[in-house]
Each structure stands twice: as structure tokens, then as C-alpha cells.
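Chain by chain, the residues:
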Amino acid sequence: RDEPDWTNALLMEVEGGDFGRTMARQLLVAAYQLPLWQELMASADSQIAGVAGKAGKEVAYHLDHATTWVVRLGDGTPESHHRMQTGLDDVWPYSYELFERDELLDRLVARGIAADPDRLAGPWRATVEAVLAEATLTVPETTWRPTGGRSGRHTTTFGFLLAELQHLHRSHPGARW
Amino acid sequence: MVTTAQQVRVVLADVTDPEIPVVTIEDLGILRDVQVEGEHITVTITPTYSGCPAMQEIRADVLIALAAHGWVDVEVREVLSPAWTTDWLTERGRTKLQDYGIAPPGRGPVSLTLQSRPRCPQCDGSQTELLSAFASTSCQSLWRCLVCREPFSQFKAH
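Protein chains in written order, with this note's numbering: chain F, 1 to 177; chain C, 1001 to 1158.
Worth flagging that the hints you see were computed from the coordinates, not collected in a lab. A hint or two may mislead.
If you want the ones that stay clear, here's a sample from chain F, every Cβ over 10 Å from chain C, calculated [to be verified]: (1) D18; (2) Q38; (3) Q47; (4) A55; (5) E58; (6) E97; (7) D102; (8) P117; (9) V131; (10) G152; (11) T156; (12) T157; (13) F158; (14) A175.
To give an idea of the chain F side of the interface with chain C (calculated C-beta under 7 Å), a few residues [to be verified]: (15) G50; (16) G53; (17) R101.
Backbone N, C-alpha and C fix where the C-beta goes; we use that ideal spot for every residue, glycine too.
Isolated chain F, as found in the complex (with noise of 0.2 Å):
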């Protein structure tokens, strides 16, 4: 599959990199997957709600640890602190993202088969800012909110991610272990 035909928020796939940057991304997702996974162990799909049941207990640990290296980066020294607040800016504008609805996503929640983003924006909100308010960071505002991950309009970075990921299967098609 090419870019369009790949669908995921723009907040999986923008580049890592910078550690605070990284971090502050790890935060965000796992915020969002924490309530995301507790409401899809409901899902009218079995297969989503046994995924659910496991990524779910997953999700804990990856927010914890990015809860301590947001915490031990905000709250340190001054260049950690300048850092991690500079990774959290750059990568806040992809974070609104997480919540729009479409035409398929209601359909998919009126169904019982996804989770309803207006029921998952409170909980990350107030996950997320009580972790910036302990590593003294501030909270970022913007205007820009990128889009279209979900409909497969992706970023310049998607193209090299696939460009690495799909290289053995282009190069070997219908390769076997």
C-alpha cells in the first residue's frame, strides 16, 4: 500500500528524534490510549475488545514512563526544562487530532463497535495537564491543528517510515521465512 491508503493520526507517525520531544509524544498517545482502550473492552467487536482488554494494561506502563521522564525533564535544570517544553510545543498541535469525529467514526460508535471521542477528550485532558502542572511545564495553545492522518493525507516523514518498512517486501515480493 502507498500513503493514501494508510489511515492513522498524524500524532503516530511525526518524528521522534529530540528525547523531550519523543517523550512528550509518548505522553500525549498514551494519555489518549489509557481511556481509549477501557472504553473499546466494550466494543461490539470481539476481536477489538480482547485487544482492548491487553493494550489496556500495556498502556499503564508506557504512560508511566513517559510520566516520569516528562516530570524528571520539566522539572530539572534549566536546558532540561527549555527542551522538553520546546518538544511539547512542537508536537501539541497534533494532539487535536486524536478527537475529531467523521461520517464512519459515528457510524462505528453508534454500532458499539468504537469509542466516542467526546467521551475520551475530558480524561486526557486531565491526565495530561496534571502531569505538565508536576514538571512545572506549561501548557501549549495553538491555532494550527493538522489533519487528515485518518483519511490517508499524511506528512512528508510517512513517506520515508514506508519507504524503510516496506523495503524488504518491494524488493522481495511474496518473500517467506
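Given the structure of chain F, go ahead and fit chain C onto it with the hints provided.
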């Protein structure tokens, strides 16, 4: 001769974890069920962590162990639910981990910074400190005993 599920279970009880060879898939609660219908054997296992690389090996080891007894019509299936938990670790399994030098898990999952510190499996000292959230595998954490100064891993609660 008729193959029974019990006979198959006895063989599978010897299949060890690829990473920690002193515990078996039975000790770990990975082996969930064995069904025999005529010649066909169905083994049901449950994955530990999503993406655990050892699960592929365990699947292969199950097939190899049964093939060694002439059982080749085997299906290995995975169930996700109920979700695997370290609470399923048998007492025997916990003891084996301890004797091997790995601290068994507490009850969890719990923040590594909040859980009570594990006792040292080498000297049983109670003064231990966390070195890293990850050890030789992602499912273990790395600690150091402040009494005997030896490092050790702990199986993380899940």
C-alpha cells in the same frame, strides 16, 4: 493407540520459555487448553505481552515437541481473552524464577516507582534500588541490591 489430551499436556508441560529456560509455558499460564479429536490436536495458547517476540518461538517449540512424539496434525491457536496476567504464574513458577536469580513479579500493573521494592533473589536483602525500567527484556526491570551490591532482574507485574 488413542491419543488423549492429558498425554499431550504432559509433553507440552516441558516446553520452556525461550528467554528464561527454567520456567515452562504451563508455569507461565501461557498454555490454556488442549483438545484432541481423533488424530487432530488443537493447542490453545495466550500471548503474554502484545508483540512479545518469544511467542513465535513458543509456537514453534510446541509444534516441534509434539512432532517428536509423532503428532503432526496440530493446530496452535491464540486467544486474547481473558487477557494474560502475571497473576497466572504458578507458585512453582515463582519459586523457579527466584532460584534462577530473577525476582518474581508483585501484583500489578503498578508504577515501578510506587510498588514495594523486590527482595534480592541472591541474598534476600530488602534494601534494593531501581536501576532501569527495562532489563534484558522489556518485560523485566533492572534492580540493584544495596546489601550484596549484585544487580538482578525482576519480572514486571502485568
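Okay, the hints, checked on the actual structure:
{"no.": "1", "hint": "D18", "result": "holds (20 Å)"}
{"no.": "2", "hint": "Q38", "result": "holds (13 Å)"}
{"no.": "3", "hint": "Q47", "result": "violated (8 Å)"}
{"no.": "4", "hint": "A55", "result": "violated (6 Å)"}
{"no.": "5", "hint": "E58", "result": "violated (6 Å)"}
{"no.": "6", "hint": "E97", "result": "holds (24 Å)"}
{"no.": "7", "hint": "D102", "result": "holds (27 Å)"}
{"no.": "8", "hint": "P117", "result": "holds (23 Å)"}
{"no.": "9", "hint": "V131", "result": "holds (13 Å)"}
{"no.": "10", "hint": "G152", "result": "holds (25 Å)"}
{"no.": "11", "hint": "T156", "result": "holds (27 Å)"}
{"no.": "12", "hint": "T157", "result": "holds (22 Å)"}
{"no.": "13", "hint": "F158", "result": "holds (21 Å)"}
{"no.": "14", "hint": "A175", "result": "holds (17 Å)"}
{"no.": "15", "hint": "G50", "result": "holds (3 Å)"}
{"no.": "16", "hint": "G53", "result": "holds (4 Å)"}
{"no.": "17", "hint": "R101", "result": "violated (27 Å)"}
Violated hints, listed in ascending order, are 3, 4, 5, 17; each of the other numbered hints is respected by the structure.
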